[in-house]
Amino acid sequence: MRETIGFPRALLFYYYYPAWRAFFESLGQICVVSGETTKAVIDSGIKVTVDEACLPVKAFHGHALSLSDTCDRVFVPRLVSVEKKAYICPKLMGLPDMVRQNCSGIRRILDPCIDMSRNSRAYKREVYATGRLFTGNGRKIHAARERAKQTYQAFAKLLQGGLAPIDAMTRLDLLDTPGDNGSRSSLGISTPAKAENNRPLVIGLLGHPYIIYDSFLGMNVMERLRLMGAHVVTMDMLSPQVIEQEAAKSKKRVFWTIGRKLLGAGYYFLKPGIVDGCLLMSSFACGPDAFIGEFLQQESIRSERQVPFMTITVDEHTGEAGVLTRLEAFIDISERSMLR
Amino acid sequence: MKLTFARLGNLHIAGKAIFEALEVDVVLPPPPTKRTMSLGSLHSPEFACLPLKVNIGNYLEAMEKGANTIVMVGGIGPCRVGLYGEVQRQILEGLGHDIKMVVVEPPQGRLSGVLRQLRELTGAQTITQYIKAANIGWRKLTAIDALEKLALKVRPFEESRGDVSSALNTALMLLDDADNPKDVACALEKGKTIIEVCHKKDDSDRPQIGIVGEVFMVLEPFVNCEIEKCLGEMGVVVHRSIYLSDWIMEHVVKDAFRVLRKSKTPYELAKPYLCHFVGGHGVETIASTVDYARQGLDGVIQIAPFTCMPEIIAQDLLPTVSRDLGIPVMTLVLDEHSSGTGVLTRLEAFVDLVQMSRSSRR
Numbered sequence: 001m002r003e004t005i006g007f008p009r010a011l012l013f014y015y016y017y018p019a020w021r022a023f024f025e026s027l028g029q030i031c032v033v034s035g036e037t038t039k040a041v042i043d044s045g046i047k048v049t050v051d052e053a054c055l056p057v058k059a060f061h062g063h064a065l066s067l068s069d070t071c072d073r074v075f076v077p078r079l080v081s082v083e084k085k086a087y088i089c090p091k092l093m094g095l096p097d098m099v100r101q102n103c104s105g106i107r108r109i110l111d112p113c114i115d116m117s118r119n120s121r122a123y124k125r126e127v128y129a130t131g132r133l134f135t136g137n138g139r140k141i142h143a144a145r146e147r148a149k150q151t152y153q154a155f156a157k158l159l160q161g162g163l164a165p166i167d168a169m170t171r172l173d174l175l176d177t178p179g180d181n182g183s184r185s186s187l188g189i190s191t192p193a194k195a196e197n198n199r200p201l202v203i204g205l206l207g208h209p210y211i212i213y214d215s216f217l218g219m220n221v222m223e224r225l226r227l228m229g230a231h232v233v234t235m236d237m238l239s240p241q242v243i244e245q246e247a248a249k250s251k252k253r254v255f256w257t258i259g260r261k262l263l264g265a266g267y268y269f270l271k272p273g274i275v276d277g278c279l280l281m282s283s284f285a286c287g288p289d290a291f292i293g294e295f296l297q298q299e300s301i302r303s304e305r306q307v308p309f310m311t312i313t314v315d316e317h318t319g320e321a322g323v324l325t326r327l328e329a330f331i332d333i334s335e336r337s338m339l340r
Numbered sequence: 341m342k343l344t345f346a347r348l349g350n351l352h353i354a355g356k357a358i359f360e361a362l363e364v365d366v367v368l369p370p371p372p373t374k375r376t377m378s379l380g381s382l383h384s385p386e387f388a389c390l391p392l393k394v395n396i397g398n399y400l401e402a403m404e405k406g407a408n409t410i411v412m413v414g415g416i417g418p419c420r421v422g423l424y425g426e427v428q429r430q431i432l433e434g435l436g437h438d439i440k441m442v443v444v445e446p447p448q449g450r451l452s453g454v455l456r457q458l459r460e461l462t463g464a465q466t467i468t469q470y471i472k473a474a475n476i477g478w479r480k481l482t483a484i485d486a487l488e489k490l491a492l493k494v495r496p497f498e499e500s501r502g503d504v505s506s507a508l509n510t511a512l513m514l515l516d517d518a519d520n521p522k523d524v525a526c527a528l529e530k531g532k533t534i535i536e537v538c539h540k541k542d543d544s545d546r547p548q549i550g551i552v553g554e555v556f557m558v559l560e561p562f563v564n565c566e567i568e569k570c571l572g573e574m575g576v577v578v579h580r581s582i583y584l585s586d587w588i589m590e591h592v593v594k595d596a597f598r599v600l601r602k603s604k605t606p607y608e609l610a611k612p613y614l615c616h617f618v619g620g621h622g623v624e625t626i627a628s629t630v631d632y633a634r635q636g637l638d639g640v641i642q643i644a645p646f647t648c649m650p651e652i653i654a655q656d657l658l659p660t661v662s663r664d665l666g667i668p669v670m671t672l673v674l675d676e677h678s679s680g681t682g683v684l685t686r687l688e689a690f691v692d693l694v695q696m697s698r699s700s701r702r
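From first to last, the protein sequence lines are chains F and C. Just so you know, we're using this note's numbering here: the first sequence kicks off at 1 and counts up by one. Just so you know, we're using this note's numbering here: the second sequence kicks off at 341 and counts up by one.
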């Protein structure tokens, strides 16, 4: 039986879609990705969620709703944990329940529970249980899992090489589905040319992937910084070892996977001589970012503010002009610190 | 060493008893005021949850009184409270305070770490002294809960407004002064009598409202704008879903001694609406609401600090619970800007609504 599975282009889509797609395609299913985030998508998400939910969660609802007519199932994983003793965010743990109750228009939700906080046994079981929805053949599921793993590794390599997730997915030919015809060029951010005689300004960009890589939520921040002449480095371009090593400086281990990544990358960026400015882009009322931001702020003060550090908070009311002005000011300050 | 810890409802009475039994100098933060809130919010991250801000205020005010060591609990996530200790330490150090922060991590079945930390705090003490301290602490804790529970029951029937609240205060003061188990039992009995005499002869049927939500917000009257008192004085019988002793039994004692199984009931009750642990008190909020609806209460109020992640999930799901089980539910999201008057207005409106739905059911 061939089914169409819809993938909302939101939250951890930006990290795991390649693996998910490889898995379900190997099992003979059709994968469809929702279009890029637009005002209309956000608005439909806002209508069904509580005010207090964060912008990315609202956007996720909008994306899920946009898939409800065309797909047999919408993929809303319960992403509890992707590594030992760490979680992602409580909101992702309750996401399938929220989507199920808020979006009555969605016929069926595919919600595997991904939890590796204790060990990977439960996760493996869940993968096979999900595969069994589509095939009775255990070997096929095993093969699909292997392909998913390979695809994910190839994807992760591209990310570390400096590609933004959407570009990496395009490179791997994973996004040729209706809904993103040509529009991806707006996020077409490739590795910038090598530094010439006078080196370009280097900006370390921090933020949850679903903010900084989403052209609408993150207001194309990478593209904008590049147009202003900066070379942008994100946490995904750093080696996991560097991040782990820096994050370990925290007296208490940060128990959010992405939070720890942000902290490690942030500590690294704030060391003098790595980047000329460090920018944290965060969603309004983001729980983990409130704390990570404070850690970085304190680190910035301790290092006597040698590296300019700024936080930009976005929500559904944020105007582009305001963000642009702040980015320009930040670039000016970073340039000054570079010349110093 | 002068030890302090953040305030949470009346927990300080038990906390003080425990540390004093261990011969530690305790400096309690003064009862929270507007100043506590301002100090706390001034130095905390904007989007941190309210408990963190009030804690910071408590610490700063206790330090003004001479405290130099802070003890608090840790955690393993995903709720932010697990990182409170580290954030607070960095904030206080950033302000230039020389303070020792002792963060007691959940034992997860291994008590040795906790004991080592306690030893460090108290100087070597004999095991009998620890047992004695735990004994008096636990007795005071259960006594506090019993008195508060009784006050909730009597308050809607009090002779004149404020009687029960001042009786409760007197009772708690007696309890605070008791320094051995026998005196604690005595103080409890005396306290109960003081509260009970406020009950006037009136057995009319009163609306019943349950309070659910995040632990700190439910237990600390200062941050929830004295919701229990307000509702009680409107003639509502309040049911509180969280009591300190239950909470400590479930999350501290059962965590230390793994032979005692944690209760699965909340997960079963919440199942149709929320099928997975989401950190903090999210599942319990849904479960208590379901439980209250089944018990036939007339309404439920959820209290959450602004930006609390687990409570946002619960808040998102509560309308479905409310619709399915036919119980009015209101959510109060509070932060440092909330005003008692604003909350009171909303409570009055909610009580009106509850009373209307009660009379229409009859």
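Hints are computed from structural coordinates only; laboratory data are not their basis. A couple of the hints might just be wrong.
[Claimed, not checked] Calculated lysine to any residue pairs in the SDA-like style (CA-CA distance at most 20 Å, straight line):
no.	chain 1	residue 1	chain 2	residue 2
1	F	K85	C	S662
2	F	K251	C	C615
3	F	K84	C	K604
4	F	K84	C	C538
5	F	K85	C	V413
6	F	K252	C	V454
7	F	K47	C	P447
8	F	K149	F	L175
9	F	K249	C	G414
10	F	K252	C	D586
11	F	K85	C	G453
12	F	K252	C	E688
13	F	K84	C	D586
14	F	K249	C	G415
15	F	K251	C	G453
16	F	K252	C	K611
17	F	K251	C	D586
18	C	K604	C	D586
19	F	K251	C	V442
20	F	K251	C	S662
21	F	K252	C	S662
22	F	K84	C	K611
23	F	K85	C	D631
24	F	K251	C	K611
25	F	K251	C	E688
26	F	K249	C	S678
27	F	K251	C	E433
28	C	K569	C	E688
29	F	K252	C	M670
30	F	K84	C	D631
31	F	K251	C	D517
32	F	K47	C	S662
33	F	K85	C	K611
34	C	K611	F	E126
35	F	K85	C	I439
36	F	K249	C	I588
37	F	K249	C	I416
Status of the hints after comparison with the structure:
no.: 1; hint: F:K85 / C:S662; in the structure: violated, 35 Å
no.: 2; hint: F:K251 / C:C615; in the structure: violated, 33 Å
no.: 3; hint: F:K84 / C:K604; in the structure: violated, 23 Å
no.: 4; hint: F:K84 / C:C538; in the structure: violated, 55 Å
no.: 5; hint: F:K85 / C:V413; in the structure: holds, 18 Å
no.: 6; hint: F:K252 / C:V454; in the structure: holds, 16 Å
no.: 7; hint: F:K47 / C:P447; in the structure: violated, 43 Å
no.: 8; hint: F:K149 / F:L175; in the structure: holds, 18 Å
no.: 9; hint: F:K249 / C:G414; in the structure: holds, 18 Å
no.: 10; hint: F:K252 / C:D586; in the structure: violated, 28 Å
no.: 11; hint: F:K85 / C:G453; in the structure: holds, 18 Å
no.: 12; hint: F:K252 / C:E688; in the structure: violated, 44 Å
no.: 13; hint: F:K84 / C:D586; in the structure: violated, 30 Å
no.: 14; hint: F:K249 / C:G415; in the structure: holds, 18 Å
no.: 15; hint: F:K251 / C:G453; in the structure: holds, 16 Å
no.: 16; hint: F:K252 / C:K611; in the structure: violated, 33 Å
no.: 17; hint: F:K251 / C:D586; in the structure: violated, 31 Å
no.: 18; hint: C:K604 / C:D586; in the structure: holds, 14 Å
no.: 19; hint: F:K251 / C:V442; in the structure: holds, 12 Å
no.: 20; hint: F:K251 / C:S662; in the structure: violated, 43 Å
no.: 21; hint: F:K252 / C:S662; in the structure: violated, 40 Å
no.: 22; hint: F:K84 / C:K611; in the structure: violated, 25 Å
no.: 23; hint: F:K85 / C:D631; in the structure: violated, 32 Å
no.: 24; hint: F:K251 / C:K611; in the structure: violated, 37 Å
no.: 25; hint: F:K251 / C:E688; in the structure: violated, 47 Å
no.: 26; hint: F:K249 / C:S678; in the structure: violated, 37 Å
no.: 27; hint: F:K251 / C:E433; in the structure: holds, 14 Å
no.: 28; hint: C:K569 / C:E688; in the structure: holds, 13 Å
no.: 29; hint: F:K252 / C:M670; in the structure: violated, 37 Å
no.: 30; hint: F:K84 / C:D631; in the structure: violated, 34 Å
no.: 31; hint: F:K251 / C:D517; in the structure: violated, 39 Å
no.: 32; hint: F:K47 / C:S662; in the structure: holds, 19 Å
no.: 33; hint: F:K85 / C:K611; in the structure: violated, 24 Å
no.: 34; hint: C:K611 / F:E126; in the structure: holds, 19 Å
no.: 35; hint: F:K85 / C:I439; in the structure: violated, 29 Å
no.: 36; hint: F:K249 / C:I588; in the structure: violated, 32 Å
no.: 37; hint: F:K249 / C:I416; in the structure: holds, 18 Å
When the structure is compared with the earlier hints, violations turn up for hints 1, 2, 3, 4, 7, 10, 12, 13, 16, 17, 20, 21, 22, 23, 24, 25, 26, 29, 30, 31, 33, 35 and 36 and for no others.
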